[in-house]
Amino acid sequence: MDRFSDQHYINRVIAGYSNEFAVLVDRYKNLVFTLAFRMIKDRQQAEEVCQDAFVKAYKSLYTFKGDSKFSTWIYKITYNTCLDHLKKFKKQKGAVYLEDLSGYELTAIENILDDIAEEEKNRKIQQSLDLLPAQDAFLLVLYYFDDLTIEEIAKVIGVNANNIKIRLFRSRKKLASILREQLAPEIIAYYENGNR
Amino acid sequence: MKMEIDRQLEGFADHIMEAAALESTSVDFTSKVMLQALASQKSDVTLYKPLISNSVFAGVLVCFIAAFIYLPENTTPQNMYWLSYPDFSPIYDLAASSVFKFSEMTTYTIVFATLVLFVQICILKKHFDNQFEKCNMQA
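Chains as they are written, first to last, in my numbering: chain H, 1 to 196; chain E, 197 to 335.
I should point out that these hints are in silico values taken from the structure, not numbers from a laboratory. Some hints could be false.
[What the hints assert, rightly or not] Simulated crosslink set (DSS-like; lysine-lysine; CA at most 27 angstroms straight-line):
id: 1; chain 1: E; residue 1: K228; chain 2: H; residue 2: K56
id: 2; chain 1: E; residue 1: K297; chain 2: H; residue 2: K59
id: 3; chain 1: H; residue 1: K121; chain 2: H; residue 2: K41
id: 4; chain 1: H; residue 1: K76; chain 2: H; residue 2: K88
id: 5; chain 1: E; residue 1: K228; chain 2: H; residue 2: K76
Remember, it's a predicted structure, so these values are computed and weren't measured experimentally.
Work the whole structure out from these sequences, hints included.
In structure tokens form, the structure reads like this:
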């Protein structure tokens, strides 16, 4: 199990020990792939984009100054590579309208998800994340899967921290709206059973 | 009231995202990345460097222009006597008495063909340089 920091391996790679870049790849590949997959929605293309992001990082490793975390830097490269890919293939998902959900509806959705089988629950959640627009999905994954602060996320996406807070709120709302649509029959049954 | 719903929404999203799993890459992902990364490294041995750099060319051009401007105004047959050495007259006499005699048309054709050949070399060089760049980018 490697115990050295990212900067140690970066210095080694710059010094000429190129193979040690594999340690950094292994450390971040799953999260980078998850980010790419949530934006691009296609496994194969996401893996290609993920590879491109790591190769770009390797080529410009000598420019990494160490003033931010390596993870922040690689996520930024991944984000920009995904945006380029989406522009190139003109992939547009349908718009998700922001709907105001009441506290009761949120509770109902949570209760329904807790009641259904684990496999079905995970499937519904994955489907909902798949339907979420690219940038919203990226933001939610970045916020929940890594311990980045709002300021660090703002650096990755290239906006200010207040903007991130607003986007995060909207992304959560869109996720709730999508889940409500996904679970519409179950919600109706839930209310019919007198759960209020 | 709105703040309460915002807090509920945040809690809701926290609960949902707990169930969302981290995706995994394919087994050979790291080796593919390393292959591409190492292939992109350009070796100094194969790196193309011109024999004569741009600065040297610029210097030669400046000297040529200076000579072109200076020499006609500042030379006389007396101070250019050194041009008569070495003496090429035996070669000229040999050429004049040569068995091969070319017509004007042939001479012009040979000169024109040579000029076109030089132009073609430049075009082909540019073409192969572009191909080389494309291959490197794909690698």
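Checklist entry - What are the numbers of the hints that this structure violates, sorted from low to high? => result Violated hint (a single one): 2; every other hint is consistent with the structure.
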